[in-house]
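All chains, please: the whole structure from these sequences, using the hints.
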Amino acid sequence: MSSRALSKFKLATGMLCAAAAFAAAAPAGAQETLKIGVIASLSGGGTAWGQGLQRGVQIAADHVNEEGGLKIGGKTYKLEVIAFDDQYNAAQAKTAADRLVNREQVKVIFGPVGSPGALGSLPVTQPAKVLQFVDGYAPSILKNEWKGAYVFRVNNSNLEFSEPIVEWLRKANPQAKKVGMIAPNDATGQVAVPLLADAYKKNGFEVHTEYYERGTKEFTPLLLRMMAQKIDVFELNSNAPGEAGLLIKQARQVGYKGVIIQSGGAGIDELIQIAGPLAKGVLKYDVIDESLPRVKPFITLYHQKYTGLVNGLAPMYYNAASIVFEAMRRADSIDTTRVRDQLERMDDYDSPILGKVAWTGEKEYGVKHQLLHTFLIKEVQDGKGVVKASITPQPQQ
Amino acid sequence: MFNSAVLTQVAVDGIGLSAIYILIALGFTLLFGIMRVVNFAHGAFAMLGGYALFYLYGDWGLPYLVAAPLAALVVAAAALVLERFVYRFFYQKMFQSMIGLLGLDMAIMYLAVIAWNAEERSVPPGTEALVEVGDLVFPAQKLIIAAIAAVALLAFYLFTHYTRYGRAMRAAAQDVEIAQAQGVNSSAIYQLAFFIAVFMAALAGGFYAQTYALSPFVGEPQLMIAFVVVILGGMGSIPGVALGGLLLGLANSFLGTFYGSAASTFVTFGAVILLLIFRPWGLLGAKEA
Chain P
1 MSSRALSKFK LATGMLCAAA AFAAAAPAGA QETLKIGVIA SLSGGGTAWG
51 QGLQRGVQIA ADHVNEEGGL KIGGKTYKLE VIAFDDQYNA AQAKTAADRL
101 VNREQVKVIF GPVGSPGALG SLPVTQPAKV LQFVDGYAPS ILKNEWKGAY
151 VFRVNNSNLE FSEPIVEWLR KANPQAKKVG MIAPNDATGQ VAVPLLADAY
201 KKNGFEVHTE YYERGTKEFT PLLLRMMAQK IDVFELNSNA PGEAGLLIKQ
251 ARQVGYKGVI IQSGGAGIDE LIQIAGPLAK GVLKYDVIDE SLPRVKPFIT
301 LYHQKYTGLV NGLAPMYYNA ASIVFEAMRR ADSIDTTRVR DQLERMDDYD
351 SPILGKVAWT GEKEYGVKHQ LLHTFLIKEV QDGKGVVKAS ITPQPQQ
Chain E
1001 MFNSAVLTQV AVDGIGLSAI YILIALGFTL LFGIMRVVNF AHGAFAMLGG
1051 YALFYLYGDW GLPYLVAAPL AALVVAAAAL VLERFVYRFF YQKMFQSMIG
1101 LLGLDMAIMY LAVIAWNAEE RSVPPGTEAL VEVGDLVFPA QKLIIAAIAA
1151 VALLAFYLFT HYTRYGRAMR AAAQDVEIAQ AQGVNSSAIY QLAFFIAVFM
1201 AALAGGFYAQ TYALSPFVGE PQLMIAFVVV ILGGMGSIPG VALGGLLLGL
1251 ANSFLGTFYG SAASTFVTFG AVILLLIFRP WGLLGAKEA
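If you read the protein sequences in the order shown, they are chains P and E. Position one of the first sequence corresponds to residue 1 (my numbering), numbered consecutively onward. Position one of the second sequence corresponds to residue 1001 (my numbering), numbered consecutively onward.
In short, the hints are calculated from the structure, not lab data. Owing to the predicted nature of the structure, the values given are computational and were not obtained by experimental measurement. Even glycine gets a Cβ: it sits at the ideal position worked out from N, Cα and C. Certain hints may be false.
Unchecked claim - Here are the simulated distance ranges between beta carbons:
id : chain 1 : residue 1 : chain 2 : residue 2 : range
1  : E       : F1159     : P       : D232      : 47 to 53 Å
2  : E       : P1069     : P       : R103      : 49 to 55 Å
3  : E       : L1111     : P       : R294      : 32 to 38 Å
4  : E       : L1111     : P       : K177      : 46 to 52 Å
5  : E       : D1135     : P       : G355      : 48 to 54 Å
To be verified - Calculated cross-link-like contacts (lysine to any residue; reagent style SDA-like; alpha-carbon spacing at most 25 Å):
id : chain 1 : residue 1 : chain 2 : residue 2
6  : P       : K107      : P       : K147
7  : P       : K217      : E       : A1146
8  : P       : K217      : E       : D1135
9  : P       : K202      : P       : A172
10 : P       : K305      : E       : I1114
11 : P       : K217      : E       : F1258
12 : P       : K388      : P       : D269
Structural data, given as structure tokens:
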């Protein structure tokens, strides 16, 4: 080594040592970091959902950090969101849960979305007493061998909304007799369709069902098959926005003129974006009324940070994360049992998007961990979703 | 259900599907036929073609007949950079190209997620009109795509069989060293073939986005379609692409309508497996010595 190179090396070493010493001398009262886990589909066809989830939680965490952090038990925590991809499948969700619980040592996980991932991750999170906040329709997400102890569902499932929607549809279309459904052939479709079909049958409809593999883009053969049954109502059930949009577009393109409704999934904008003018008149379950004053600040925050459409899961998970952070504050602890107990008593909390928190599910799932909230039925008019009805489902007695 | 109206609707739908399948597979078979490159990034170029059309036609409002070829041209021209710095290292290296280009495919796909988000969007069709003949209803856009696919197929065939550059391409495909000895500039020929292949992929991607939807992930199903069509028809065979695309489109339409989605997928991939076992060079491909 030449003398010039040697002196450069000494200088660099000296600077490193100084930096290390400075870091070690940082004030002892600095914030601690609280890691918040996210399991979401961040690749593949479910990415829009996963991004919605991740962004909703991130905005809520940023909001807390900007206000100085989460003050619990005399400490102030800076929230750090750590997200892992589950690729919308059970095996990857389990791997993601393993990493978050065992390597990152998180106490709280938001996600995944969809029954396959939720069911895949529970065997890791529940024995470890890690709080998990999921969105999937399978009843066994809450009604399981761990008695749903540390898992909450933060969105209505179709057990909560199917019957009220079908009752509303029956009143609006008394002449309709036959309903056709085209559903994904996975845990989500297989759970959603029987519950929805039961609701339709109770209201005097005949039900015709077809299944397809996720990723399918060409639905015309299935639509022709369904139309041959002379259906009056086309129910889009648990289809992702992309698939629902294509089903609407292709149904209208092969001449289907009857009622189209989607009982499930949040967010109507993506569906309109894909089906375009052919989405006119489509009815859709939704959870967010963007025109409400309580929702607007979130939409503004979202657009300050991200581009593109606001996926319906973003406000839902922003809402869920806000409830959880408030529960931690009130429990004055990050102990998951104490936070869970606090969450169950949060009926007085006015959550930012959905208003007063209401937990239900004791009768259906054996545990009161199902968030019950008012939902909307929107109709596509002039390229926008217009609120047609607002329904508050009643907890089962 | 097997009445004439449904059968006609199914046949029309099958031909519409076939047209898109053929366009997607043409470029894929060309790259393999000439350069022995299994282009796993084919779907990514198709996806980029969709975004180019989205901006040129859907956003900027250029006339459709200008926007569609221009979108494909833009993607093909930009892709020449990749030809120089990536593809050139994989020519005549079939197995290495599979892995290398799979990586390229993923890189392009997730750069697209960063650039355009993961949401699905729609590219407006060239025409919103529906063709109604008795009980038969289908979008006029399908007719446009079928016509363009037929023209592209014919032009492609004529180019490779009756032009100097086309014949040079085929010569390079048969034996690159002998072709070079006869004065064929293989680098230029490879570049031309690459440009045409990406142009076709991007054109197909635009039509695919108009027919279905557009997102960074639309390349994956298109890659799968290209694979199945080319295996059916025979790697490197242009008439094989036409036959493979037609068979696959009609089979998907008929089987999907009468026996459901699962039966259609099962029979399609079952046929591909049987073909790979008993006739691996495909229906119209050349058996390698």
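Status of the hints after comparison with the structure:
1. Range check, F1159/E to D232/P: Cβ separation about 52 Å, and the 47 to 53 Å hint holds.
2. For P1069/E paired with R103/P, a C-beta distance near 51 Å keeps the hint of 49 to 55 Å intact.
3. Our hint of 32 to 38 Å for L1111/E and R294/P holds, since their Cβ atoms are close to 37 Å apart.
4. Between L1111/E and K177/P the C-beta distance comes to about 50 Å, which sits within the given range of 46 to 52 Å.
5. Take D1135/E and G355/P: their Cβ atoms lie about 50 Å apart, and the range 48 to 54 Å holds.
6. For the hint pairing K107/P with K147/P, the CA-to-CA distance comes to about 19 Å; that is within 25 Å, so the pair holds.
7. Simply put, K217/P and A1146/E have alpha-carbon atoms about 18 Å apart, close enough for the 25 Å limit, and the pair holds.
8. The straight-line distance between the Cα atoms of K217/P and D1135/E is roughly 24 Å, inside the 25 Å bound, and the hint therefore holds.
9. Restraint check for K202/P and A172/P: the C-alpha separation of about 16 Å stays at or below 25 Å, so the hint holds.
10. At most 25 Å may separate the alpha-carbon atoms for a hinted pair to count; K305/P and I1114/E meet this at roughly 14 Å.
11. Proposed proximity of K217/P and F1258/E is supported: the alpha carbons are some 18 Å apart, at most 25 Å.
12. About 16 Å separates the Cα atoms of K388/P and D269/P, which keeps this hinted pair within 25 Å; it holds.
Violated hints: none; the structure is consistent with every hint.
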